[in-house]
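S.K.: Here is what each chain is made of, one letter per residue.
There are 2 protein chains.
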Amino acid sequence: MGDSVVQTGAPRFARPPPGRRAGGQPGAVARAAARSRRGPVGGTFSSTRTSSDPRQEATIAITLRDVAELAGVSIKTVSEVVNRTGRVAPATTARVEEAVARLGYRPNLSARRLRSGRAGAIGLVVPELGTSGYFAELAELVVSQAARRGMAVLIEETEGVREREREALLGPRRSQLDGMLLNALRLTDDDLPDVPDGFPVVLLGERQVGGFDRVAFDNAAAARLATAHLLDAGARRILVVGGDPAVSDSATQRLAGHRAALEAAGRPAAGAMHVVTTQWDHESGLAAVARALAAGTDFDAVLGLNDALAIGAVRGLLDAGRRTPQDVLVAGIDGLHTTGFTTPRLTTVDARRPDIVARALALLLARIAGGDDEGGLVELEPALVVRESTTRTS
Amino acid sequence: MGDSVVQTGAPRFARPPPGRRAGGQPGAVARAAARSRRGPVGGTFSSTRTSSDPRQEATIAITLRDVAELAGVSIKTVSEVVNRTGRVAPATTARVEEAVARLGYRPNLSARRLRSGRAGAIGLVVPELGTSGYFAELAELVVSQAARRGMAVLIEETEGVREREREALLGPRRSQLDGMLLNALRLTDDDLPDVPDGFPVVLLGERQVGGFDRVAFDNAAAARLATAHLLDAGARRILVVGGDPAVSDSATQRLAGHRAALEAAGRPAAGAMHVVTTQWDHESGLAAVARALAAGTDFDAVLGLNDALAIGAVRGLLDAGRRTPQDVLVAGIDGLHTTGFTTPRLTTVDARRPDIVARALALLLARIAGGDDEGGLVELEPALVVRESTTRTS
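So the protein sequences, as listed, match chains D and P. Our numbering puts the first residue of the first sequence at 1, with every later residue one more than the last. Our numbering puts the first residue of the second sequence at 1, with every later residue one more than the last.
Hints are computed from structural coordinates only; laboratory data are not their basis. Watch out, some of these pointers could steer you wrong.
What the hints assert, rightly or not - If you want the footprint, here are the derived chain P segments under chain D, 3+ residues with CB under 8 Å:
no.	segment
1	165–179
2	356–370
Stated by the list, open to error - Beyond 12 Å from chain D on every Cβ pair, some chain P residues (computed):
no.	residue
3	74
4	80
5	123
6	155
7	159
8	286
9	319
10	338
11	344
12	352
13	380
For every residue, glycine included, the Cβ atom is placed at its ideal position computed from N, Cα and C.
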């Protein structure tokens, strides 16, 4: 869309930004985003006022004293109005606010954070951002959706190590954050007595700890959908690739869903074939099918427990002369963007990341705003996306 | 590696973490990382001391007064020792430090940040994290390498909008950061008079503003390498896909490199064929070749100005019945991880992200530590990675 063929060496001068790799909508949307992010930062009329003119960044010399003089009140009164800590008469408040607005006074946000606990930033704590693609796409959505609400995102990787999950949740960095989205793999309720009351946390993913709100998609249902589809498409023996149920809740739930689908179809789930991989990446998927083929394992379909594994499996099969879907059907789970452009295009289960992020952010922002609503568990139903890798047309 | 085929329904209990999609090395490496990240946070013996026992997180009631009483000194003296702001006699300092250690006193890090400017976090400001994959892989490297140095990473997206680049660099959020890695598309020297002296910034990418250090790879050389390789592989007419030189420095430099390679090979660079796309993603690559084919454009090779475009182009060609590499050679630029697992595997130019991130972080941390070294420009040479998409074997 919007492309055009230019048969000349001269550069073409055309449309507006974004430039290099800029992924978002330029123009109005970007401006609206830039506008909307001004609001929450600092949280009061005054910072909104000054931020609306970027030049004010330079006028840091304006002090409480200047405001006090213009408003004809004491510095203490200005401080009480600006920080909403005192009980100042409405008329006086109005006078101070007008002086703040006229001078473009910007309160010291670091100092304010100390008092109000508002940082203008949330944390995103995930096991990794790496090559599986899942958390990278999740993080992108969190960063872009948070930006629209005026929040920056502090990202921490835990590698699924309990101590690091604990440190992210309980450590000093929390003081820089208004709240946290946390995908925990190892944290337990034993870690929670130390969580100060009221620090807003929304959990992402399978693991529930404490009474935090949690947003997840149904992993067992995802594997059930994919498995049932493979069986419908003619698979007799499905090789499951990836994930160690001894250490991964995701793997456990997805394997359970896979077995449930086998049983529902009258297949002996006890004979399920599973290649355990420690990683969830392309390499592991490729290596897993290579090993299975070398071992003479008989299979005519592969369920990758995520898309990166499935993409690697397709490639490993082809390296061994087995075509997808002609010789072996392959399906993944996650709905990564790139699966729509692979050869063959990959059948997968959409994990609905945009919905997960939207729901999780809404919950978190409500908690930050002090809402006491029922939160609890939001579990989104996955959706099967059938593509070429499970469609035999020839 | 480490995979094994299990022909039973029983879950296999085996190796250590990581669990779901955890990408890093578990065990010793993770522990070392967790250990090393303790050091720099807070920056003094006392926070190191308390962090080493996570239980101390709960004992927030310990105050300067408690330390002062135990040490038999004034609160002011404790404050001077803890914050290293005063000139306290060594013997007294030792007494205070011992009291701090015994009580597990944890200084208020927010308050300390105000005084010392150390946040334990750096900013990463990029146009987007989206589906091109480049910045997602870059961000993952920054987050994981920074974690090893005890730093969290605050990520902001600018969509390449100058005002948002400006706000990221100059806005209040900076007070939460020790320094910043900034990939700017639109910022100019006019924006810099407002940058307070000494805030550590290292630029990533093509755009130089002010006297900041910058780490980049040579975009023109990358396109030269890819183009020369396509010509060597037999390409007669190369279609370049992606990037608008009117708005993108990357596109400008990569097109210049492309033309230089054409000229070096005695081809008329004035006849270069370029499909301008506003985005740098899979969809745009696919749409671009579809348009070129529909327009009857004659080409036997495609240079995607990045890998996502090239992957989309391969797919668009196949949708039109043109195989890669048999009918059309395709090469990309960036060296995305996934290019090693596509069908066909994609020839690309390695942008050396791990080296870029390592150099940029080293420069930034040196600046944060107050180093006055010569920084300047670090430009890394790209490396061609030849794979199936440009290798005609049949």
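S.K.: For every hint, state whether the structure bears it out.
M.R.: Structure-based check of each hint:
1. 165–179: The restraint on the segment 165–179 of chain P holds, since 8 of its residues have a Cβ under 8 Å from chain D and three suffice.
2. 356–370: Coverage by chain D is violated for the segment 356–370 of chain P (0 residues, Cβ < 8 Å).
3. 74: holds (23 Å)
4. 80: holds (20 Å)
5. 123: violated (8 Å)
6. 155: violated (5 Å)
7. 159: violated (4 Å)
8. 286: At about 7 Å from chain D, residue 286 of chain P fails to clear the 12 Å cut-off, so the statement is violated.
9. 319: Incorrect as stated: the minimum Cβ-Cβ distance to chain D is 10 Å, not above 12 Å.
10. 338: violated (6 Å)
11. 344: violated (8 Å)
12. 352: holds (16 Å)
13. 380: holds (17 Å)
Checked against the numbered hints listed earlier, the structure breaks hints 2, 5, 6, 7, 8, 9, 10 and 11; every other hint is satisfied.
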